[in-house]
Each structure stands twice: as C-alpha cells, then as structure tokens.
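Protein chains: 4
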Amino acid sequence: MRVSIIGATGYAGAELLRLLLGHPKAEVVHATSESHTGTPLSEVYPHFLGLFDQPLESMEDIESIAEDSDFIFIGLPAGHAMEIGLAVEEYSVRIIDLGADYRFHDTSVYEAWYKVQHSHADAERVYGLAEIYRNAIKNARIIGNAGCYTTASILALAPLVKEGLIDLDSIVIDAKSGVSGAGRSAKLPNHFPELYDNFKAYGVANHRHTPEIEQALSDLCGTPIVLQFTPHLVPMSRGILSTCYAKLRDDVAADRVDEAFNTMYKNEYFIRLRGRGAYPETKYVRGSNFCDLGWHIDERTNRVIVLSAIDNLVKGAAGQAVQNFNIACGFDEKLGLNMAPMYP
Amino acid sequence: MRVSIIGATGYAGAELLRLLLGHPKAEVVHATSESHTGTPLSEVYPHFLGLFDQPLESMEDIESIAEDSDFIFIGLPAGHAMEIGLAVEEYSVRIIDLGADYRFHDTSVYEAWYKVQHSHADAERVYGLAEIYRNAIKNARIIGNAGCYTTASILALAPLVKEGLIDLDSIVIDAKSGVSGAGRSAKLPNHFPELYDNFKAYGVANHRHTPEIEQALSDLCGTPIVLQFTPHLVPMSRGILSTCYAKLRDDVAADRVDEAFNTMYKNEYFIRLRGRGAYPETKYVRGSNFCDLGWHIDERTNRVIVLSAIDNLVKGAAGQAVQNFNIACGFDEKLGLNMAPMYP
Amino acid sequence: MRVSIIGATGYAGAELLRLLLGHPKAEVVHATSESHTGTPLSEVYPHFLGLFDQPLESMEDIESIAEDSDFIFIGLPAGHAMEIGLAVEEYSVRIIDLGADYRFHDTSVYEAWYKVQHSHADAERVYGLAEIYRNAIKNARIIGNAGCYTTASILALAPLVKEGLIDLDSIVIDAKSGVSGAGRSAKLPNHFPELYDNFKAYGVANHRHTPEIEQALSDLCGTPIVLQFTPHLVPMSRGILSTCYAKLRDDVAADRVDEAFNTMYKNEYFIRLRGRGAYPETKYVRGSNFCDLGWHIDERTNRVIVLSAIDNLVKGAAGQAVQNFNIACGFDEKLGLNMAPMYP
Amino acid sequence: MRVSIIGATGYAGAELLRLLLGHPKAEVVHATSESHTGTPLSEVYPHFLGLFDQPLESMEDIESIAEDSDFIFIGLPAGHAMEIGLAVEEYSVRIIDLGADYRFHDTSVYEAWYKVQHSHADAERVYGLAEIYRNAIKNARIIGNAGCYTTASILALAPLVKEGLIDLDSIVIDAKSGVSGAGRSAKLPNHFPELYDNFKAYGVANHRHTPEIEQALSDLCGTPIVLQFTPHLVPMSRGILSTCYAKLRDDVAADRVDEAFNTMYKNEYFIRLRGRGAYPETKYVRGSNFCDLGWHIDERTNRVIVLSAIDNLVKGAAGQAVQNFNIACGFDEKLGLNMAPMYP
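Residue numbers (my numbering), protein chains in the order written: chain A, 1 to 344; chain B, 345 to 688; chain C, 689 to 1032; chain D, 1033 to 1376.
Hints listed in this document are in silico derivations from the structure and should not be mistaken for laboratory results. Heads up, some of the hints might be wrong.
[As the list claims (entries may be wrong)] Not close to chain D: a few residues of chain A, all C-beta gaps over 10 Å, as computed:
| id | residue |
| --- | --- |
| 1 | Phe52 |
| 2 | Glu90 |
| 3 | Tyr133 |
| 4 | Glu194 |
| 5 | Leu195 |
| 6 | Asp197 |
| 7 | Tyr269 |
[Claimed, not checked] The list that follows gives simulated cross-link-like pairs (lysine-lysine, DSS-like), each with its CA atoms no further than 27 Å apart:
| id | chain 1 | residue 1 | chain 2 | residue 2 |
| --- | --- | --- | --- | --- |
| 8 | A | Lys266 | A | Lys138 |
| 9 | A | Lys187 | D | Lys1219 |
| 10 | A | Lys334 | C | Lys875 |
| 11 | A | Lys334 | C | Lys1022 |
| 12 | C | Lys1022 | B | Lys531 |
| 13 | A | Lys25 | C | Lys713 |
| 14 | A | Lys25 | C | Lys803 |
| 15 | D | Lys1366 | B | Lys369 |
| 16 | B | Lys369 | D | Lys1170 |
| 17 | B | Lys678 | D | Lys1057 |
| 18 | A | Lys115 | A | Lys187 |
| 19 | D | Lys1170 | B | Lys678 |
| 20 | D | Lys1219 | D | Lys1057 |
| 21 | B | Lys369 | B | Lys482 |
Beta carbons: idealized from backbone N, C-alpha and C, even for Gly.
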C-alpha cells in the first residue's frame, strides 16, 4: 500500500515513520511538514539518516498526495485534519487521523472541549480503537485514531463498564505520561532542567481526553458517563500508566472481575493481561504496541483499581494507527507491530 | 542542645545530619550505624567530607548515648525504635522517631499493618505532624514523626475533613514519590536501568501509610475514615506529589473550600497555599521543608482535587523531625529550616 | 538456524533475545540461567510476556545443548565461556561469546588484565568486530564478540591509525556509557538515587577494555600501541559516546582525514558517517546497530577529535553478535538488524 | 551590605538569590529583568514563593540602582555587563559580573572568541577565582567571576602547571556538564525528550571557555598555553565533571604530584582533596560551593589524569560570586556558603 504522512515532524509522525519503515506491506511515498518543507527528514530527525533521507514536502497540494496514496496518516494539531478530510472527499484515499478531529460521534462535544468549529461534521468516521471498534474500522474511510491517555484508560475500564460491575459515577482516572506526549515544541515548562527531578499534575478537570474516554465507555454500557480524569507529567520520555478507580457494585466478587477481563481480551494479541494483583510498568511495553493490564480489589473500600501501561507513542498513537491500517487493509493485525519491547 | 542520630546511614538519617549541621542550636554528638560501626560517616556518604568525618558508633550502649544527649533521633526499620524507647525510659532524653513505631494511637492498628508486635504499647507518645498536633508536641517525650506520603496527604485533606466539606467514603489518594523514599538498600527493582524511563504503582490497597492517614483525618472529624491510598514510584530522586480526590458535600461552594484552606493554614510558615487552580510541582519545594498546596473543583463531577507537594526527605522526614525538635525545645519553628528550595 | 543463549538473564542476553525474536532465520531453542533455572524468562524480564515464556534451563548439560544448536551465544562473566568452549570442542556447534574470553590474540594479555587463567588458550578464535575482521569471521568456529567501549573507540580511530595520520602515543579516549553497561546486579553504586543527577569517572588507567582497543588498533598499523582510556558513567540507560583525541602528524590536511573515513567505511551499512564538524548523539542510534561518527580538526592544537556513538547493548553487544552470526552464516548482514533507532 | 542582582531570571541569577537569602550580611535590594519587569520574581521562579515576592525591576535606571547598592551582581549575556560597568563608573558601587565581559586581561582575546567589541577595555578588573587571585579580589572594583567549566578545569590543573610537572602542550580537558549550564531559554536541543537518555559533545575546538582556562594556567607558569577543551552535555540538571589529561615531565614521581595538590590547596576550605586514586562525583558537591579533586597516574602512558567536580551553578557561578563578595567585603569566605551538599 502506498501511504503518506501529513505532519511527519511531530513525535507521533516520526514514530509512525519508524513503524512504517519496518512494515512489509507499506511504502511511505510522501511525508509533509509546512515548517520544514524541502528539508530532508533525516535533518529534522537525525536518527533516520540513511533510512529516510527524502525531503519533506508541503501539504499544499494535498489533492496530488491523495491521488498518489492509498492511505494518508495525519499528525496535525486540532482543526487541521478536518480541512484535509474535506479537501480529499472526492478521492478514494482513506484517512487515519492521529489527532482529535474525527474522534467524536457528536461534533458539538468536540467543539466544546477543543474550542474549534468543526467544518466536516457530517463525515462518516469511526473511532480508531481496534479492541472495541474493530468491525467498524474494517471498512471505514476515515478513522479517528484514539488518543494516548484515552487508549490506556478505556482499555482499563472497558470490561468493568461493559459487564456492569462498577458504579458509573465513581470513576476516577489518575494518569501519568512521559514528556514526549507533550509534543516537540520547545517551551519553558518542558525545558530539560525544569522537568528533571520534578513531577506535576496539569489539566485537572479540563483535559480534552476526558470526553473521549466518556464517549467510549458510554458506548459500552449505553448510559452517559461523567468521570474524573487527571493527567500528570513524569520526568521520562515515553510511557503512560493509568491508575483507574471505581466502586464495585454491591454483589460483585473478585472472580467476576477477573472473568470480565478474560472474556473481553483473551483473544487480543496486543492486550497482555498480567492478572489480579499485578503491577504493569511502562517499561514492560516501551517501543511496542502492547497494553498491559493488572487489577486489584480493595476489600476495605470495595473498590477495584486497574493499572494500565502503554507506550504513548505506539499503542497511544503511531502503533495504534498501524494496527488500524492493518485492519482497514484486511492484513494480519500484527504486521509491522510484532517487535519485542525495548528493555531496559 | 546535644542530639544523637540512631541509624544515620539511611537517606533520612543523612538528610537529618545535613539539616542539623546547619542548625544554630543543635550539636550532633553521636551518630550510629550497626553495619558501618567505626567507619567515618564521610566514607559512607562522601558528600560530608570535611563536614562530619567522625566515626559511626554502635547503638549497643544506647544508655550512654541517652545520658549524653538531650534528644535522640531514630531512623531505623519498624520494630527497632520501640526497643530503644523501652531501654531509655529511665533517662530524661527525648525521642523523635522517624519510623512508624510511635505513630499510632492504637498499637493494634500498627501491629496489623506492620506485622510486628509492639513491645512499648503504653508509651506516652505524640504524632509528629506539627501543623495538626503542635500543642501536644511541645512537651512530648516521644514523638512519632509523621511519614512521607502521610504528611503530603494529610495536609492536603485536613481542612476539608475538619470543616466537613467532603463525603468521607469518597476519598481517593493517588500519590507519587521519588526513589529516595524507598531507602538506600540496593535491590533489583531500584537498580538504575530498571527504573529509568519507567513508571509504576505498588502497594495498592495495602501500603502501610494508609492507616496513618486515616488516623489523622479521623482525629480531625471525630469519625472513623476508610480511604483509598495508592503509591507510585517516579524515576527521580526526591519529591512527593499527592493527588487527592473527594466528593464535595451537596451544598459546598468553591469559596468555602478556599476558606477552609486559608483558615487552617494562614499562619503556617511551612504550608504555602498556591490557591485554587494552582499546580504545585515537587521541584518547587526540593530541599526545603515546605508543603505546597493547590486545589481544583470539578463542577461536572462535584469533586474537589487537592495537589500537595513536599520533599519526601525534608517535610516528609528529616525536616519535619527538626521542626518537631524546634517545637519541643521552644525554639522558633524555622530554625535550621529556612533555606530556599534548590531549583533547578 | 537453531541458536541457544547461555546466560540469558543479563542485559546483553535479554537484548540478544529481543533481536533474535525478530530475526527471520534464527530460532531460539535454549536459554539458560543458573540462578533462575526453571523460571519462565518472562518472569525475569516481564516485557517478554507472550513473546518468550519458556522456562530457563541450566547449562549443566551443555553437551546436549551443543548437540541441539547450530550456534550458541554466551553471555557470562569472564572465565566461564572458555569452559564451555572446551566442553563442546568435539561438537560442530559454533560459538559467539559476548564476553572477553576469546577476544585476545595473546591470552597472557587477557590473563594480566582479567586476573583469570585461560584454560583454552589454543582455541582458534576470531575477534568479532565485523567492519575490521569480517573475512576471518565468515568461517570462524569461535567468535570473541567485541566489547562495548572498544567497538565505539576502535571504529572511531581505525581509519586514522590505518592510514598513519596520527601520532600513536598521543591517543586519549574519553568514553561515557549509560548504566546498562554495568549489568543487572543490584549494587549500591548503581542504586537509582545514587546515580540520578550524578556523573562520575571510574576505572582510570586500568579498565579492561584498554588492551582490547590497543590490540585492534595495533593490528591495523602493525605497531604496538599504548593509549589512554577513561570510562565514565552517564545517568541514562543506554548508549556510549566515545570522544577520541590524537595529534595529527605534521603534514596531514583535513581532507586526508575525511578521505580516511570515507575510504574505510563507505560501504559499511552500520557505520553512518555524519562528517567533519558533526556531533553524533547516543539517541540517534538507540535500539539500533548503527555506529555514528563525526570528526573535528582543531588547528590551534593540531589534534583530530573523533566522536563515536553506539547503543552499548546493540552494536556494543547483542547487535554485533547478530551481525557476526549473519556473517558466519553467509546471510545478509542486516538480517534482523534493520530496524530504525527509537527516538525520542 | 546592600546588593542588587541585574538579570535575576537566569539560572545563575536565581541561584545567587537562593544563596544571598541565606547570607547573614547581605540584603537583596533590587532584582532586575527586562523581560519580566513588574512581575514578582516568585511568579517566574515559583520556588521562591514567600521568600522573595517583590516585583522585578528594569535595569533602565541603573544609576539609581548603583547609588542604592554596595554591590551589584550581573548575570547577563556577553556584551551587556560592560555597558553597565561604563554607566556606573562614577559610582562607588562594586561589580561582580557572572558573565565573561571582565574575565580577560587582554580584551582582544575576548573579542576574538565572543565576537563582541569591548567598550570598556581599560576597566580595572580582576579575574574572580578566589583560590588563585584572592589578593587581587580583596580590593577590586570590578570582578569578572570565573566561568563554570573554567573553574573546574583550572582548579584541577593549577598545581601541576604551577609546579612545572606536566608538558604544557599535552593538556586535554574533557568536560561534562548538566543542562542548567545551558541556561533557561527553551530551545529544541534542550527540550526534555531530546536530551533524556541521550549524551552528546558540543563546541569541539571552539568553546569560549578555552581561552579563559588558558589565561589562568598561563598566569601560573608564565608561559602561554594552548590546550584542548571539549564540553559535553549530561542528561542531568546540575554538576560538572572535568577529566583533565596531561603527560608528566620525565622525572616526575607520584608523590610530587600529591605534594603539588597538598601544597596549593591544604588551606582552601572549598577545595576538598580526595586524593590520588579517588573518584569525585558531581553529586558529592551538589548545591554546595565545594570543588572536589581526585587524581590518577597512569604508568603505562606516563600521564596524570585529574578529576574535578563542582556544582556548575554554585562554585561554577553563584557560589563563587558570593565567595568573591565575601573576600571583597573582608568577611569570612564561608559566609552564606557553609551548607552541606544535598544528597541524594
């Protein structure tokens, strides 16, 4: 398949290129960057020297790119993918958007949280989280690839919500991410000495991944969910750990919790169930598309606590995009994604 | 005052020495270590070269040390301080224990969580968290210095619990600590390459600081509290951030929350109220005895979220011990503790 | 090819497994560990869950393993590989030793620096640094895989020594390594809080990689070389940067230096010449088998300074072993090694 | 003494404030920043909350500031301090410049390396490295505070150069610094994910600290010295380790090297001689004004290798400035500087 990356110089774009270069059935034909048009990608990301040296293009002539590609992957800030989606509507090219433009069923939710008006609200689109929306992804023309915190959090809570095991208004998600999740723009808060040996929260009560998690979990149980989500910044490069809390419904025993996870995920290659009592660590999945899950039951408080670890740039972005690409193409879902994590 | 440090080679003991060397009214007369008896402390901790080169002693003859000291600070694993407390009962020396032996009103709680039988259960003792137990500390003979996670968590929630603003069974504390909190023993999980670029939870539903937090908060409201506490390990050296969640009682407005913090802490030098909407970072307090607080109200979920940052080795251990020492001596509470944090 | 890993639980052994799992022509049939015999490897290294769950074996019956394997990779402390080499002498199995036992032409040098007597001194063996000893590797039965610091340092200086451009007694190599190079044994100096925000030298004038570098460079020019080598520990997981200094011979112009690099490496896939004036960074090669080189000429001092970056666990250990394996098998040298580096 | 900080929002300026707040004989009366004029310093550096909340001033009216101050400390980019020096020439205020403008005896050297024309070339000035220029500092009106790399490097080599023990053209200084040395401006190369788990060299053959080291060492032996200096960036916040190499002159024995260090530094409080064979680590001095030295002799190569560790923001900048201030005021040199290092 001929694929193009629109916005190749963000961390997610670069990670996507890393994965696609190792994919046996994808050929990267165009990579664009408006700020570095004409510069070889391997100057912007020197680790690609000898692996991908072709110059970055502009996305100005997106129609030509669309014509020349089977798939385009978009890694742009909110509000830009929808313009591309509109512009290439007449072409047969399929779109996997790593941003948020196509993630919401209801664009008014998107508009409220992202403060951007949606210009392509009637686009047919599918939420790109394979373990839950696989069937819809198969034939989708536009896939709104799930976000990083959201992937870790939804996968952690999905079995419990789906099986009706928890009080829906008791959900608290306390998530922690490495700094690559904040992107590659140099800003004081992410300046090395500011973050080193430092830890902080941000986006309390207003982070944009909140409604995305709520949407997917609500889909699973048919009831609107409002939940607490708090992100934190960890002084490391990669990885997300999501610690998810919920009150168990009164008569729920531990083995029903175990069963819910096993039932939902037993055939999912990229979900590794570490079991009740286990502690997944972000380094267990680094560089890979795995999501590792462990869960705990606190009999004193009657809560279930689920721990979920992913690599934010892989299962939380580029790897998930490739997984969706594989599904959309009818390929084996693991194609280009079956590398072992990199440890230590 | 003549002071001695029993167990001077743990990180808390070394930090205590750092602070006491800069204290104008304390002279360190004995420092003990059973594993390094006879070795100059500055060989075990080379940063003390030229500052404290005297050999470490054994605590075998604790009676002599007691006789020679006005205060002894104890930094030993659970179960050891009580033996010392018993042994020096006849002496006028006062004790500040940085461990858990003297932290609990009810030693059966201690015994249940620490799996150690208490041999000094009838000792008169005071819980060493100055902002809440200051009056009792003044004349205490034995002070059970508050733990690290507990200090951050109790100070975050105390105003809300005291003023009755939150549902007591809705408390979730998600805490994150630098690795120095795990002590100086070299073990595989804390081996550098294992933790670097890695993040994980541990002790879910069973960490020993849980009952300590519950005790202090219950003291403030007169009702037994059972809460959720989850610690995590951050790949950094120092610092704790505690993210505390609770449901607000129905009629509680934001300004009542603000007022609760202001009322309780307005005269507390070591509590820095950063206010509603603020994000304290662990680096803001590094090396200092401050506890920085910020809080947020989520109107969608009706929860209050409090963020609390301390240096686990200072306000979470050695600095708190010095603060307690100052109170017990009738000194200005800031003596030896008024250094600015070290940033970056 | 059927391959076995003897000593699979060190970092180099685990990295080797990561690479071999992705190798299209290698099947790992045995993995041994004396300390964890019987334990699934994925318990010792949880990132392998689902990828390699078979139990670790003992190497006690090394003859059976030899019989069952085309190649054995050995990752054991100095002095152990030679015992295995002796024990399997009668078998057709080929050996790639990641340790030092088979690296030296003259075992008395090995014995002097390693303080171990060599029991297999007459073994036919080849030094396993493909860019210099490729032809010999092709048919070698025993390959002494080059060390990590040595690989970075030899590749940096080889063109200059080979072409006679520098004063041989002026060589100073100042090398810096991430902590994974120190192995997985938990010891106080590598305890996380001790190394974090810390930097130090070690092994000045006596590090064991010194004679190995000297041997290879002497091979290239036919003259015995004595040089200065100093290793340092960087608070990071992976990567080596070697900064190499030498005085240029009187009449050597900059373009002759450039030419020396180009001539020697222009067809080497794993050597990426970044050119004169360039600064390779360890992250440019992380997770890959590349060695990136940049060089500088200081006209004030008449010195050439070469900067060399590798991933110590890949080109410095496991990747090099796979490269040697490919050569020894007559495979394409890039097989299983053509992944892009992982950045950031 | 009334002191002012011109350029208080760089890392060195903030560190200076930390030290001066703890200095018993200094009162900070003005702190300026052109980019943050009017903003409380504790908003720019939140760790100062409650400790220094006064608004930053402009330096536009430098004459008033000069009139109101006994000392001004300047922390500005190259080329700005000389303008201030000129402007306040008529005032009795004394100047300690943390930048390079007043470091060179010969301003043409400054102009060649800094590409700035010197407008105050005839100013009487003293190089501010107390251990070597103490007497001159006592009565100096303008002190050009020594740089960070230079302090570590000069102190390492001074005894050897002074006693004539080494070949002057054989000096190689390989230095490594934490990232705070690069300042607080957010730029891509110092963006957290770019540097984390990464190591690199920079400024080979052209770093501006080179002529400063050469000047001081030449002063000590009376012969012009040309040397090799290479800086590197370590993924940590603070600290410099300088590894210094030189060939010993033919008849120099190890004890003469030891003696040179002892003779020169035996009465220097801030120089801690760890001795021959020792490995100073940057963490041993973190947060303090110490310079720790260890040295090694390699009999194979006839080289001496000196290791020198400082905190780049303390002995390499702000601490040194306070030390110079103390000397210039006739105070005890340790005033405000006798804190223990912060470890871990």
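Right, here's what the structure says about each hint:
no.	hint	result
1	Phe52	holds, 19 Å
2	Glu90	holds, 38 Å
3	Tyr133	holds, 30 Å
4	Glu194	violated, 8 Å
5	Leu195	violated, 5 Å
6	Asp197	violated, 6 Å
7	Tyr269	holds, 28 Å
8	A/Lys266 / A/Lys138	holds, 21 Å
9	A/Lys187 / D/Lys1219	holds, 7 Å
10	A/Lys334 / C/Lys875	violated, 39 Å
11	A/Lys334 / C/Lys1022	holds, 22 Å
12	C/Lys1022 / B/Lys531	violated, 37 Å
13	A/Lys25 / C/Lys713	holds, 20 Å
14	A/Lys25 / C/Lys803	violated, 53 Å
15	D/Lys1366 / B/Lys369	holds, 19 Å
16	B/Lys369 / D/Lys1170	violated, 32 Å
17	B/Lys678 / D/Lys1057	holds, 19 Å
18	A/Lys115 / A/Lys187	holds, 22 Å
19	D/Lys1170 / B/Lys678	violated, 34 Å
20	D/Lys1219 / D/Lys1057	violated, 38 Å
21	B/Lys369 / B/Lys482	holds, 17 Å
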